[in-house]
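Visitor: Given chain A, work out where chain B should sit, using these hints.
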Amino acid sequence: MSTTFLPCGEYHESYREDHAWWQTRFIKAKMMLLVLILFVGIPLAADSYWLSVCNQIGYTALGALGVQLLIGFCGQITLGHAAFLAVGAYTSTLLILEFPWPTVLMDLGLAYPISIFIAAIAAGIWSVLFGLPSAKVKGFYLILTTMAAQFITVDFVITQYISQIGGRGQAFSLPPGTIRIGPWVIDSDLKVYFMMIVLVILFTALVANLLRTRVGRAWVAIRDNDISAEVMGINIVRYKLLAFFVAGFIGGVAGAFWISNLAAISPEHFPWFWSLWLVGVILIGGVGSLHGVIFGSIFMVVVMELLQMAVLPLATSYPKLLMDFLFIKEAAFGLAICAFMIFEPNGLAYRWWQAKNYFNLWPFSY
Amino acid sequence: MKAAPLALAMALILFLAPASTAQEVVVGSLNDMTGATSDVGKDYALGIAEAVNYCNDNGGVNGKPIKLVQFDYGYRVPEALTKYKLFQRMKAVAVLGWGTGDTEALAPTVTQDKMPYVSASYSGHLTDPKKTPYNLFAATDYSTNARATLTAWHDTRWKKHPDYGKRKPRFACSYMFASPYASAPIKAIKDQATLLGFEIGPDQDVSLFAVDAKSQVLALKDFKPDVVWHGNTTMSVSATLRDAYALGLGADHIINLWGLDENLPRLAEKAAEGAMAATVCAFYNEAGVPLMPKVVEYAKKFNPGVPQEKRLIRTVQAWSNVLALWEAMKRADKAGALNGEGILKKGFETMREFDLGLGGAKLTYTETDHRVSGAVPVYEIKDGKFRLVQVTDIKSRWPDKWNGWLGW
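Protein chains in written order, with my numbering: chain A, 280 to 645; chain B, 5 to 412.
The hints are simulated quantities; they were obtained by calculation from the structure and are not laboratory data.
A portion of the hints provided could be inaccurate.
Straight-line alpha carbon distances no greater than 25 Å define the calculated DSS-like cross-link-like pairs of lysine-lysine that follow [unchecked claim]: (1) B:LYS228 <-> A:LYS599; (2) B:LYS95 <-> A:LYS608; (3) B:LYS305 <-> A:LYS599; (4) B:LYS68 <-> B:LYS118; (5) A:LYS470 <-> B:LYS118; (6) B:LYS298 <-> A:LYS599; (7) B:LYS298 <-> B:LYS228; (8) A:LYS599 <-> B:LYS95; (9) B:LYS46 <-> A:LYS599.
Keep in mind that this is a model prediction, so the values were computed, not measured.
Extracted from the complex, chain A is given alone in its bound form (with noise of 0.2 Å):
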């Protein structure tokens, strides 16, 4: 008599099956409904106001990747970021407004695509200049160095010199109608939101993937002990690099991608104090995850929103409570770091890795 044993579990069958993404059809039915959730369902229920916070959720977690990627990834810690962000808003900005691009160009809607790419390319070569001095210095000293980034950048060069590009002042201001994607023109927070998205979802699975290459091995090699990594046979200089390119790059994009949020751009929109905020976000979302780039973006984003929230409906007998929300904002910003400092230093990303974990094996979770 012949038995036939269905499987209990899942079997790979090939690598290529081993390392897929989504491994089973329970996550990939999770996943899908992620991106319906993501393409439809916000889209429908979200008016203005909300579109506009997911934007700015997008915008922190696009600038918090490269940050992740070099401090989370290859341990080179960066308080200069909010600077190659300038980077690409500004490329991509002048690119619009000054280069004579073809009429074709024009007429495909192409000019604000491929100045998203340039301005990428710019601020990553930009991010491996100030990245050239991590070949010598680590630690504090590389602090300095990356703060040197944001002051030489914003500071000195755009406030200086590229602001005066055109003699418009300081203030860059698109005219309707310029930025534009193929025959789409983003001209409201809908078409903002869907780009944002877009971009997310590319850079998280670009970076996601790029991890589970030999550079992403040789960044994490690097982050865990860069003289181990040498010996091991690591160009630990080549593939620091890599890393402020990569991080650059994706800054670059965050920066380009800004500027379709507002229509305008002036050095005061990336001060030095959103580097550090970016900084920030990593903390609370957890250090070297890429879900916590997500979690620490929607934490510093909503929360301070929903904090915002629960003050108004005090407003109208207590108007002050409005006026002084920032103290409260900031003071909840400098809380947060610290309580998840002391009590979750693996920041959100190890929660939700507990409660995923916990609901995998539910009800036999012992």
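Guide: Using the frame of chain A, we list chain B on its own:
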């Protein structure tokens, strides 16, 4: 049990929050209480709330009370964007904005949304209705003010100078390059300097946060300017004036209006003597200004904890913007169009020589020009007090150029 404190907090919020009236007119206000321009922003924010209370005590918008939603955004542009979206969500009919950075950044958005944005930024870039129709303010713009102040200095000081007629007067600018506020009138003032025959020296970059400007003053000394224009706010300008005095720069000083208020002579003392600036309204508690008793009364009533001697011209500037918006809303409401487009077309753009009673220029907004006036009163500090030097009417003095200066 963990849910109990949360439920209690929610119940408390609901209990304490009064129900809102359907007839309320919501107006948002962005203010800087903690950021780079908070030295002048705090007093302005207090003035906004007091002025709105005055409007409500006088009937609101034809019987509908104004509900003010006021946020401190810390002079951060991304923060301003989310707050602006929140105002939209709360169905605000207009926004009282603050700095040049956020105002210019939001200009394309408010134009698209048809949201009147009455800012404390008086940037000349915002005065051309073809480009920024929904950006408004109840004051003469920075560029007109800068032209007027330099002209007043040329008229009153340079013509009495021993070198007058022998050489060109030397002029330089000191401001924070990165700040759109400070750099907004640079093109205009240099154009005016060229027009009046000045020799223009190198600009000096002084931070809005500066407490020391010695290196910039030393750099200026090499050029030996006769007059220096300061584009920052009061704290930074006072630091520069003190250093200029201590290092014997020997130049006169002309200042953008956010750099000169009642605090400047207190902070810079002798170093501020003779400094000149354009003003857009009366100083706080100035005599002979029709509405000033009300401004003072409401300041005492709603912010009794703030000493009267600490109140500044910024309060009066805030009142000017609020009263102009109030008038525009009343006119729009009467015309049955209390919305963004109505407030602009049936409100602001119907004002001709409208006097707010606060000692500022009479307001005229047209469909083609949002510069309220070309006549600018220029004051100087004499013995620690403000003294009117002259009213420079840029429009009537250069009528052929006036239209060409629109929007910069």
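Visitor: A separate judgement is required for each hint: does it hold in the structure or not?
Guide: Quick rundown of the hints versus the structure:
no.	hint	verdict
1	B:LYS228 <-> A:LYS599	violated, 48 Å
2	B:LYS95 <-> A:LYS608	holds, 24 Å
3	B:LYS305 <-> A:LYS599	holds, 15 Å
4	B:LYS68 <-> B:LYS118	holds, 21 Å
5	A:LYS470 <-> B:LYS118	holds, 19 Å
6	B:LYS298 <-> A:LYS599	holds, 22 Å
7	B:LYS298 <-> B:LYS228	violated, 46 Å
8	A:LYS599 <-> B:LYS95	holds, 21 Å
9	B:LYS46 <-> A:LYS599	holds, 12 Å
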